[in-house]
Structures are given as structure tokens and as C-alpha cells.
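Visitor: Going down the list, the sequences are from chains G and E. Going by this note's numbering, the first residue of the first sequence is number 1, and it counts up by one from there. Going by this note's numbering, the first residue of the second sequence is number 1001, and it counts up by one from there.
FYI, nobody ran anything at the bench for these hints, they're computed from the structure. Where a beta carbon is used, it is the ideal one built from N, C-alpha and C, also for glycine. Accuracy of the hints is not assured; some may be wrong.
Restricting the straight-line Cα-Cα distance to at most 30 Å, the calculated cross-link-like pairs of lysine-lysine (DSS-like) are [unchecked claim]:
1. G:K2 x E:K1010
2. G:K131 x E:K1011
3. E:K1010 x G:K131
4. G:K216 x G:K131
To be clear about the criterion: a stretch of chain G counts as covered by chain E if any three or more of its residues have a C-beta under 8 Å from a C-beta of chain E, and this derived list gives those stretches [said to hold, decoys possible]:
5. 12–19
6. 34–40
7. 182–195
The residues making up each chain are set out below.
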Amino acid sequence: MKTAKISTYAIAFLIILSLNFLLPRMMPGDPLTAICGEEALVEMTPELRTELMHRFALDEPLRKQFFVYLAGIVRGDLGYSYYYNAPVLEVVLEALPWTLLLLGSSLILSTLLSIIMGIESGWRRGRNSDKSLLTATMVMNGFPNFFIGIILLLLFGVYLGFLPLQGAKTPYSGLSGLNLLLDIARHLVLPLTALTLSQIPSSYLLMRNTMITTLKEPFVLTAKAKGLSEASVRYKHAGRNAILPIVTTTGVRVGIIVTGALFIEMIFSYPGVGLLIYNSLFMRDYPILQGAFFIVTVFVIVANFVVDSLYAKIDPRIGIDGVEHAH
Amino acid sequence: MHINYWKELKKNTFGKVGLAMLISVVIIAGSSPLLARYDPGEPSHSALKPPSIEHWLGTNDVGQDIWSRLVYGARNTLLVALGVGLFTTLISTVAGASAALVGGLYERIIMRMVDALIAIPAFIVIILVAAYVLPNVWTLIFLISILTWQGGARIVRAQTLSLKERMHVYAARTFGANKLYISTQHIIPDLGPILFAVFIHSATRGVFMEAGLAFLGIADISTSSWGLMMHHALRFYYLDVWKWWLLPTGLALSVTIMAFVFIGHAFETAMDPRLRVMEREDWQC
């Protein structure tokens, strides 16, 4: 029943679409302001007003407005930002690569680190090294991601001055080639560290748990009995089988990490979609807020869908009808 | 269910530390009128002052006493924790338990809804909605709850399905007990531990989300919110004020979240490990 899964994601998409459509139109006050942002009021002439009212079909019934809105989405028209004086899609797409860089590297790094930490910790269950790692991670789990970012900002801003605190590259530096890459990497260090630190605890706890359960399975005993090396039992046999929950939660983790990136980008003024959303909140630039929101949520839904479709292939024990994994 | 959870919680180090931290925050919140030395909302002419006998943690940019704001912030945080915890658990229970008990098309619709909501990044949606609605504490509790009940509902449904098949429920059924009797006499009481776990989990998420929203500047400025304090303090991070303004506030928030995380972890270690909530579902989403 593949259709069940597709319909789930279709519903998710529909919820996002209707939220994005209804929110600005349901608010008390002028819907045109809620759609175009407060910056648009500065340039608002009666002629422009009539034109915009007509463009968004605001003088028509809601159903007609929805079709006009849908047609816009299909054409890739997410509106126009009067603050940036550019189409929303253009502004968001310009910020997107930085967010993808931060997100992607943090997702890979936090996954790898928590898998290794979880395997080692689970293997040494109850020993001092496991206990201290568990305690340290539990404490870190109590720190909200933005506070981790702030601590790093203060630490490097006040005491350790060797890493850039803001932006994604040095402005007007004229760097190119390898130097430009190094500059980008240096700017990435602090946001990436903050985001990764905030992602590790939950994945580590999950990995450690699964590892402990897996180690009790008969096949691990078989592997040990065959006289395989400890490292081989730990990683190739137990670890490899314990990895599954980490893989299956990747979709959810993408959603969490996107939210985390929003805060981290704001703290380090990293020019991604998160900073864009924060600035649009501040400027009441509703078109950007909506456009960035739309792109980000659709990205997360697609990521969930892809992961969901892939892991049935990785582990045939998981049903593809979307019911099996509901327990 | 032959586990004495309270005993188990006190045996576990995380449980003990978590309880101690939570009790401290509750005491601070309860006695904030005594602990605070100024009205937390009262501005004064002495702005950005370092700590002194008069102002234990100095003053902020509009001359409000930071210590008093910090102490009153505990109230706001615990109110959100309690509100989101209770309301989310209520929605999760009603949706999850009824889906499992009624079954059929109703169950399929509810669970399809749950699956769809799980794929949506709830916090981002809350940010968008809050940007338009500009919620006060109560609307915020409502908003967070109606957008984050799905994970709990899934867990409650799974647990109800498993309880339905237990021997004593079968026994009751053979004696002629009807659905209503079984639900109220057997299933709902036995859901207790899992509901507590869902409550702790939702409360943690509520605290984090309220603080996060306020940190982004989406908050009722008349409340003493720790997230809002951090939002204002971050603008002055290059001055020395972060030592008594930004850091203590962030630590207070972290200690509160940590208390919930520790209690949840200890509680779930005592529970059937297969039912773990916290480790399946991150409180950050």
C-alpha cells in the first residue's frame, strides 16, 4: 500500500499550503499588509493598491483567492519582497546554499559522532567511561541549542579570538580558490560546532540504547564464539545492526536540525534561510517569512518522504505500508 | 504494573538530581515575591549597572532589576511547562486511546493525521503562526499543544493496543465487561506511567519552545520570560553585562530543562525500556 504513504505526505503538504494561504488572510486588519509586508506600505499608492488587490484576488471570494495562490506556487512565484526589492524565491534561493552547507555538514557530523559514541558507550555499559559519557551528554541535553551557540559566541568573542564570529565569509576580501574555501570553512566552524553539539545527545542516547539491546542478541554471541576480534563484533556485527533506528529517524532529525539552524544562524549572523526568517520577523517582511517558511517545510517533508521510502529497502522487516512503524 | 515508580526515581542518580533541580525552581517560583527586591517590570534611571548590594545581578538596558526578572521568570517557565504538559497529554490521550479503542476508519484517519503532522517541523510552524498571532502565555500554550500532540498520541495508541490484549483485560471481557467498563477500569489507569512520561516530555518541549520563541523576539513584552531576557541581553554581548545578564538567565533555563530531561530519563529507565519516549522523539522538535 504505497498510496497510504504518499497520501500521508500529501496531507502534510496540504496542511502547510493552507496555513500559508490562510494565516495572512484570516488576520484582523488589512490582508494586503499581511501579504506584502509593512515595507510595502511606504510605496503604497492607490493605483498600486488596486493592482495588488487584483493580483492576489483579494476582492474575490476565498476559493478564487486560493486558486490564484496555487497558480502562483505552481509558477514558482512566492511573492515579492518590498524590503529586498526582489522576488521572494530569488532572495530565499540566495540564502539556501549556506543553510544547506551548515545543515548537511552538521547532520553528517552529528550522526557519525553519535553512532561512534553510542557504540562505544553501549559496549562499555556500566563502566566509568560509559557513565561519564552518559552524564556529560545528559547535561548537554539540558542546554537549548541557542544557549550552546551563545556560550560559544562568548567564549570565542571574549577569550579566544581566533575564529570569526559572524557571517559565512570575509566580505570584500577578494579571496578566490583554495583561500576562499578556507575562509568559508573558518566561518563555518563555530555555527557547525554549536549546531552539532545540540544534535548529538538525542541520537547518542538512541544509539546507546539500541546497542545495549543488540548486544543481548544471539548473533552477537555467535560472532564472539567464532573468535572474531572485538572491534569486528562491536562495529561489523552489533554496531551495524544497531544503526537502524538512527537511519529511520533521519527525517525527523532533519526537521529538528532545520529549527536548530534558525537559532544558530541568528546568533552567528550566518546568511542562511534561518537568518532570513529572523530578519523578516523583525522587519515584518511577511512575503519573505512566508516564502522561507514554505521552502523550509517542504524541504523537511520531502526529506521525511525520501528517508521513509529508503529505509524499507534497507531493512525489509519494516513494512512499507506505513502501519508497521507506527508502534 | 508492579513497579514503584517513586522509589525507582529516587534510586536513580539522574532522578534524584532532576528532582532536586525541579524542586529548587518550584521553590524559587513560589517565593518570587519574597526573593525579588523590585517590581520586575519597573524601569529605573540606573541602566546597565553591574551587580551591587541593591541590584544583585545588576540592571538591564532600561534599568530593570535583573535578579527580580530572573526570579519571576521561573513562574512564567513553570506555567508554560505545566500548561503545555497537561494540555498536550490530554490531546494525545484522547486521540491515541480513542483511536486504539474505536479502531476501524476512525483509527486510520487519526493515525494518518498523526503521521502527516510528524513529517512537519512543528517549531517552524509555531514560529510562523506566532509571528501573525503575537500570542500571550495562554494562546502560546494552546498553540504549542495543538501542534505537538502527535508524538504522544502515537505512543498512547501503541500502549493502549498492547494493554487491550493483556490477560486481565481478556478475563474482564469473559466476565461480560463492556468497552466502557474496560476502558475506565483497566486501560486508562494502566496508561498512567506512559501518560506521565508523555507529560514530562511535553513539558520539556513547552519550556524550550516558549524560550525559543521569546529568544527570537516573539513574546508578550509584559511577561518576565527567560527567553525574552536572553533576546535583549544578546544585543549587548560585547559589553561585560553578559556575565550577570545573559549567562545566569541561560543557566536558569538550562537547569529547568535539565531537571525535566533527568526526571524523564530516570522514570523511563524504571519503566519498560521498550516504551521509552524521550529517546525516540526529540523534545527539540
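Visitor: Against each hint, give a clear statement of whether it holds in the structure.
Guide: Against the structure, the hints:
| no. | hint | verdict |
| --- | --- | --- |
| 1 | G:K2 x E:K1010 | violated (47 Å) |
| 2 | G:K131 x E:K1011 | holds (16 Å) |
| 3 | E:K1010 x G:K131 | holds (18 Å) |
| 4 | G:K216 x G:K131 | holds (19 Å) |
| 5 | 12–19 | holds (count 4) |
| 6 | 34–40 | violated (count 1) |
| 7 | 182–195 | violated (count 0) |
The structure does not agree with the numbered hints 1, 6, 7 stated previously, though it agrees with the rest.
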